[in-house]
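Residue numbers (the working numbering): 352 to 832.
These aren't lab readings, by the way, just hints derived from the structure by calculation. Here a beta-carbon is modelled for each residue, glycine too, at the ideal position from N, C-alpha and C. Some hints here could point you the wrong way.
As the list claims (entries may be wrong) - Straight-line alpha carbon distances no greater than 30 Å define the calculated DSSO-like cross-link-like pairs of lysine-lysine that follow:
#1 486 x 419
#2 377 x 746
#3 486 x 435
#4 435 x 419
#5 509 x 486
#6 603 x 367
#7 746 x 603
#8 435 x 377
#9 377 x 367
What the hints assert, rightly or not - Here are the computed distance ranges between Cβ atoms for each label pair:
#10 356 x 460: 46 to 54 Å
#11 556 x 667: 54 to 62 Å
#12 356 x 782: 45 to 53 Å
#13 378 x 782: 40 to 48 Å
#14 445 x 769: 51 to 59 Å
#15 614 x 498: 24 to 32 Å
#16 567 x 745: 30 to 38 Å
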Amino acid sequence: MGRLISPTDLVLIDGKPFPIGDDIAKSFTEGDLIIGLSGGQLLHIPSAELQISYDAVTQSVEAFRQMKSTSAQQVTRFFEEFAKILRDDQVFAQIEAVNAADVVNAQERGRSTSRLLLTDSMRSDMIAALDTWAKTPHVDGSVMETVEHSGWSVSSVKAPLGVVAFIFEGRPNVFADATGVLRSGNSCVFRIGSDALATAQAIMDLAVRPALLASGLPTSAVMLVGSRSHASGWALFSDRRVSLAIARGSGKAVAQLGAVAQQHGITASLHGTGGAWMIVGELADAERFRSVVAHSLDRKVCNTLNVCCVVRSRAQELVPVFVDACHNAASKRKSHMFIHADAQALALIPSPRSGVTFTPLNHSELSTEWEWDNDPECSLVIVDDLQQAIELFNKNAPRFIVSVISDDANELHQVWLGADAPFVGNGMTRWVDGQFALNKPELGLSNWQSGRILGRGGILSGDSVFSLRYLVDQRDDDLHR
């Protein structure tokens with residue numbers, strides 16, 4: 352049988368024609384889908400992946416319909432049962448065994464396993480998150496506001512949103528965070544990174560489904576897409592029955608998934624880019640600076656310190672403090688520290704020390720997020736004053752987190768006013784986390800990329816995934832316009 356499409360066939364993207372190319376033309380079969388993204392990128396989704404995703408969403412749509420007739424007590428019972436199962440050492444040992452095999456497989460393929468390993472602390476965090484959801488008031492039916500008129504009133508009422516689709520990197524703890532959307536009456540579909548798929552399936556089989564059964568919730572209220580292919584994620588985020596698409600992972604992959612969702616008219620919440628900034632002011636305390644730097648480099652996640660700006664007037668004193676703090680952070684990990692410093696900072700760095708490597712940095716590189724697994728990396732620049740640091744932040748940072756180290760409240764206020772960042776603090780950068788800061792398991796740090804957020808905070812949690820409906824109570828039969 353000949354090819355269904357030719358390499359020279361064109362796809363129109365943003366008004367420009369792009370050839371399909373030989374690779375897609377060779378593998379394309381009947382029922383497949385091609386998605387064209389801005390810039391000319393073509394994504395090929397085989398029909399088998401489309402079907403896997405379609406079936407999962409179909410079951411989730413039905414579960415959402417059934418959730419409307421369940422009670423808040425049943426949802427509470429689900430979280431209680433889920434937590435109870437994870438506390439059972441015999442059950443958890445089975446999950447751990449599967450996870451250990453996932454870790455070995457990932458290591459053999461040269462993959463990072465720092466987020467894949469299901470540790471005792473991750474288990475404790477999952478249980479704590481589920482306990483939090485069990486105690487969280489049910490969202491569906493909560494009245495936000497009632498406006499009274501003569502003879503009638505209008506109430507804005509929280510209501511479920513629908514099917515929530517998640518695509519996560521290979522972290523087993525996502526179930527405890529993301530099943531929080533059941534608290535607001537939604538159903539959810541997961542697609543997890545291929546490294547953690549077997550672990551995820553074990554958690555589904557041994558914990559999630561038994562908890563759903565025990566609580567009387569629909570067993571398809573939480574679905575896992577059983578595919579290792581990236582195409583299954585593209586398929587999931589192109590299904591218009593999805594009400595909200597949430598992606599977490601590397602910046603490029605998340606941006607691609609967001610483009611797929613947005614192209615199909617699906618609201619997307621994207622959590623891919625990270626990297627926190629720290630601005631050290633005129634009145635910074637050296638020992639406090641040393642401490643917060645070390646605690647901001649304990650591991651690589653989105654809120655890890657990425658760029659540090661030190662004002663020139665304090666640089667000679669504080670650059671060695673910064674180097675020492677970075678060295679201490681790496682030493683705790685039994686690893687090596689990499690500091691990327693501009694010429695002015697390099698001139699102030701003490702004589703070379705074991706365990707730290709210094710490389711020259713141009714200010715044009717300040718937008719780089721250093722992706723590291725075990726060996727911490729951070730940029731260091733010298734600035735004339737706080738205003739220059741603010742300008743560098745607004746130009747080069749992802750407009751995410753800025754920390755101001757100063758004993759002067761006026762310096763903090765200056766950065767608060769000038770920096771386009773939703774998360775501003777005066778200590779370590781790692782506080783930006785829903786569970787840690789707000790006692791709410793987070794789905795991600797949502798849509799803060801412009802630095803200013805419309806109508807809500809940047810921490811997306813399960814009980815913030817809802818829609819608003821308006822209910823009128825007309826008591827005056829003669830009400831008219």
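Starting from the hint list further up, note which numbers the structure goes against and sort them upward. Checked against the structure, the hints that fail are numbers 2, 8, 10, 15 and 16, while the rest are satisfied.
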